[in-house]
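Undergrad: Sequence:
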Amino acid sequence: MNEQETHTGGCSCGAVRYESHGKPTRAAVCHCRYCQTRTGSAFGMNVYFEDSQIKVTSGELKEYSFSNNANRHFHNRFCPKCGTTVFWRIEMRPGWTGVAAGTFDAPSFWFETDEAVQIFTRTKAPFVDVSFSDSHETAAYYSPTHNDHPGLMIREEQPLQSFDLIAHD
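Going by my numbering, the residue at position 31 of the sequence shown is 51; the numbering climbs one at a time, nothing skipped.
Everything labelled a hint here was simulated from the structure, so no lab data went into it.
One should not assume that every hint holds.
[As the list claims (entries may be wrong)] Derived DSSO-like pairs: lysine-lysine, alpha-carbon spacing no greater than 30 Å straight-line:
id, residue 1, residue 2
1, Lys75, Lys43
2, Lys101, Lys82
3, Lys101, Lys75
4, Lys43, Lys82
[What the hints assert, rightly or not] Cβ-Cβ distance ranges computed for the label pairs, FRET-style:
id, residue 1, residue 2, range
5, Gln24, Ala145, 31 to 41 Å
6, Thr59, His93, 32 to 42 Å
7, Ala126, Val76, 30 to 40 Å
8, His41, Asn91, 16 to 26 Å
9, His41, Phe147, 28 to 38 Å
10, Gly34, Arg142, 36 to 46 Å
11, Pro127, Glu70, 12 to 22 Å
Yeah, the Cβ is synthetic: ideal placement off N, Cα and C, and Gly gets one too.
Build out the structure end to end from the sequences listed, making use of the hints.
TA: Below you can see the structure in the form of structure tokens.
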């Protein structure tokens with residue numbers, strides 16, 4: 021991959037667009053409870069860049085911040101129109117911006133990185149079969165005080181209290 025290569029991406033509705041410049045610092049399949057709740061899936065596909073490599077080219081992002089039970093701080097940046105989480109920053113990786121891999125227009129370019137890793141396999145869903153030569157039960161920077169449980173997250177902002185579901189015929 022060309023070190024100066026530019027890749028574009030954005031949210032589901034197209035209101036937020038961004039560019040990444042250069043090679044990712046790391047790509048990760050992450051099975052931690054944070055990524056599971058952030059994505060609503062069994063794992064997160066994360067591509068990390070130095071902060072200076074990411075540029076929002078259009079749209080505005082909102083931020084939702086919270087701390088986990090180990091008092092680690094997370095900052096999700098999402099589109100206020102469609103709710104897509106596009107970026108995040110985690111206290112354990114200062115200077116890095118995480119990008120949701122599926123938000124890239126061509127979401128597979130980062131497969132070429134030498135820095136791909138699978139982490140938090142201890143909370144991996146049993147039906148997930150992803151093989152990486154570099155796999156870890158947790159991560160070196162992780163220091164839990166309890167087992168990861170989504171109810172133990174301490175929220176700094178309250179999510180929407182309720183919403184109406186509309187039934188479609």
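Undergrad: Against each hint, give a clear statement of whether it holds in the structure.
TA: Going down the list of hints, with the structure as the test:
Our distance criterion of 30 Å between C-alpha atoms is met by Lys75 and Lys43, whose separation comes to about 14 Å. Straight-line distance between C-alpha atoms of Lys101 and Lys82 comes to about 10 Å, which keeps the hinted pair within the 30 Å bound. Proximity of Lys101 to Lys75 is assessed by CA-CA distance (about 19 Å); at most 30 Å being required, the pair is judged to hold. Pair hint Lys43 plus Lys82 holds up; C-alpha atoms about 26 Å apart against a cutoff of 30 Å.
Checked against the hint of 31 to 41 Å, the pair Gln24 and Ala145 passes, with Cβ atoms roughly 38 Å apart. For the pair Thr59 and His93, the supplied restraint of 32 to 42 Å is violated, since their beta-carbon distance comes to about 19 Å. For the hinted restraint 30 to 40 Å between Ala126 and Val76, the CB-CB distance of approximately 18 Å leaves it violated. Here the CB-CB span from His41 to Asn91 is close to 33 Å, at odds with the stated 16 to 26 Å.
The hinted window of 28 to 38 Å between His41 and Phe147 holds, with their beta carbons roughly 36 Å apart. Restraint check, Gly34 to Arg142: a C-beta distance of roughly 37 Å satisfies the suggested window 36 to 46 Å. Between Pro127 and Glu70 the C-beta distance comes to about 20 Å, which sits within the given range of 12 to 22 Å.
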